[in-house]
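Engineer: One letter stands for each residue in the lines below.
Protein chains: 2
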Amino acid sequence: MQTEFGFIRNLRNYRNFSLIGDDCAVLPKDSDNDLVITLDMLVENVDFRLRWATPEQIGHKALAVSLSDIAAMGGIPKWTLLSIAFPAEVWKTDFPDRFYDGYCKLAERFGVEFAGGDISQSPDTLIVDSVVGGEVEHGRAILRSGARPGDLVCVSGSLGGAAAGLAALERGATADSARLLLPEPRVELGRRLFATGQVTAMIDISDGLSGDLWHICEMSGVGASIDAASIPIDPIVHSVFSERSDRLDCALNGGEDFELLFSVSPEFAVADFENDVSVIGEITANAEIMELKDGNRTIPLNPDSFRHF
Amino acid sequence: MQTEFGFIRNLRNYRNFSLIGDDCAVLPKDSDNDLVITLDMLVENVDFRLRWATPEQIGHKALAVSLSDIAAMGGIPKWTLLSIAFPAEVWKTDFPDRFYDGYCKLAERFGVEFAGGDISQSPDTLIVDSVVGGEVEHGRAILRSGARPGDLVCVSGSLGGAAAGLAALERGATADSARLLLPEPRVELGRRLFATGQVTAMIDISDGLSGDLWHICEMSGVGASIDAASIPIDPIVHSVFSERSDRLDCALNGGEDFELLFSVSPEFAVADFENDVSVIGEITANAEIMELKDGNRTIPLNPDSFRHF
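So the protein sequences, as listed, match chains A and B.
The first sequence runs 1 to 309 under the numbering used here.
The second sequence runs 1 to 309 under the numbering used here.
Hints in this document: simulated from the structure, not taken from any laboratory.
Treat the hints loosely; a few may be bogus.
[As the list claims (entries may be wrong)] Covered stretches of chain B (chain A as the covering partner; in silico rule of three or more C-beta atoms under 8 angstroms from a C-beta of chain A):
id : region
1  : 3–9
2  : 43–53
3  : 88–100
4  : 107–116
5  : 265–276
6  : 286–297
Cβ coordinates follow ideal geometry from the N, Cα and C atoms, glycine included.
So here's chain A without its partners, still in its complex pose (with noise of 0.2 angstroms):
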């Protein structure tokens, strides 16, 4: 069985879709700027669960996680637009306005417009599908294809933080969640990011470290060597597991962080971004080839995170 990923190469190849394969796609919209548009659908039992999180919560995530593109490509978002699909039962409750007050607190955050979007009923999933566009000075949007050989490696904030939240909240614990159900999108490191002209390659963590350095990799042509204990790791990752192991796998292969993960040439002034940003390797000329340093062992990386299928 393929992969999403290979599905999505397959389109890319075979059916002559250049556009696809970044976090956003860029559309022409006038002489200054162009478009970012993203979407993304998250769908109950899958990416949330009705009993783990508020309807708030659920409202805030399905707008942070499309945020999170835009600020992947350093953009800067503008509106918004959401299908939803609402099984009867959660139609009759107060979850669809306590849905659009998380939704739109975190729009009105970020001077979001709300502009449209679609209701449905479905049998009895909930499904939330939301798209945001943004602007991006024209020419100028970060891919994932731009990385180099010699760039460095960097990240921002800290890894595994969501993760460990669910592995705590499938314990029962609560406390831990808030990485997992209030995600914050980086939208404004993003545009600092873009303004210093050095990020040559940016994608959000969604699917995880691994996997989406993957990413990167495969669209540049290029490989990583990433150094284990420069990965900046989650203190509640620390809180919840004991094992160095599991708190490596956890910042490795963890999805859901939303922080960002980019390439930057080597005169990138990291002590700009105060402790915010972390480098954590840098770009060989290995293609498609990423390898972990640990201690004194070079291991293979693999794009373990998170996939659907």
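Following the hints, complete the assembly by docking chain B onto the known chain A.
Structural biologist: The following block gives chain B in isolation, referenced to the frame of chain A:
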């Protein structure tokens, strides 16, 4: 329990979502053109059934419903994005490839570029959400809100064919289901109507004539009087239903014909559109009152067509 239309009205009124309520959102693009953008979610066993439609037909329909919204604004479709959630057992089959075949064949026919999408897993229901973006001359998108008393009410093509096809399928007959399964978006007609400069309000018939006319009346603050004898009834309706009342009900309240319903100034030259446009009534000053003239009788015309909730 509130209806979906009541809910949407509340979004517009209480959340100041002034942009919503038309077939497409209208957003600024450049000095010449606005961006028109729409999205439509189709849910298995609500909007289509895998046992009645081929994968190619479902792909065709997923795009056609959104192209139809662009047509209803007088716009030109340009690009599309697509979210799909596949149940695992559907993903394993040739469904995804055949679905994209149907989707892309229609996209190509209208010069619409496939710009990206999202693939998810769904526990058991296939869900498709298609986004289409297009362009229309700045400030000139045809809204639902421009109908004026004295305008003529017109409809394109013929009505009831999709509902009659559904009734036939429910009885086990498949011969008459083409309108339901392969709807034809009226994009060229929408542009021709736009070019007359005389269309004051327009919508595509997705819910049904009575319900979609109601949307125009509500948004324009007007009423409408429809002449039953002038409604163009699809020949398929005649072959499926023998009673006149069933035939009329099918044409008035059957959804998914994806014809254009619009109001025009009285000087509109309907003859220029051969037999493809019918004048079926007129807009009145009786705000939100719709009536049906049937022979000597005039009866209230209620918005009885499809709604999800």
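Engineer: Take the hints in turn and mark each one as holding or not.
Structural biologist: So, going through the hints one by one against the coordinates:
1. 3–9: holds (count 3)
2. 43–53: holds (count 5)
3. 88–100: holds (count 5)
4. 107–116: With 4 residues close enough to chain A, the hint holds.
5. 265–276: Our answer is that it is violated, as 0 residues pass the Cβ test (under 8 angstroms) against chain A, missing three.
6. 286–297: violated (count 0)
Hint compliance for this structure: hints 5 and 6 are broken, all remaining hints hold.
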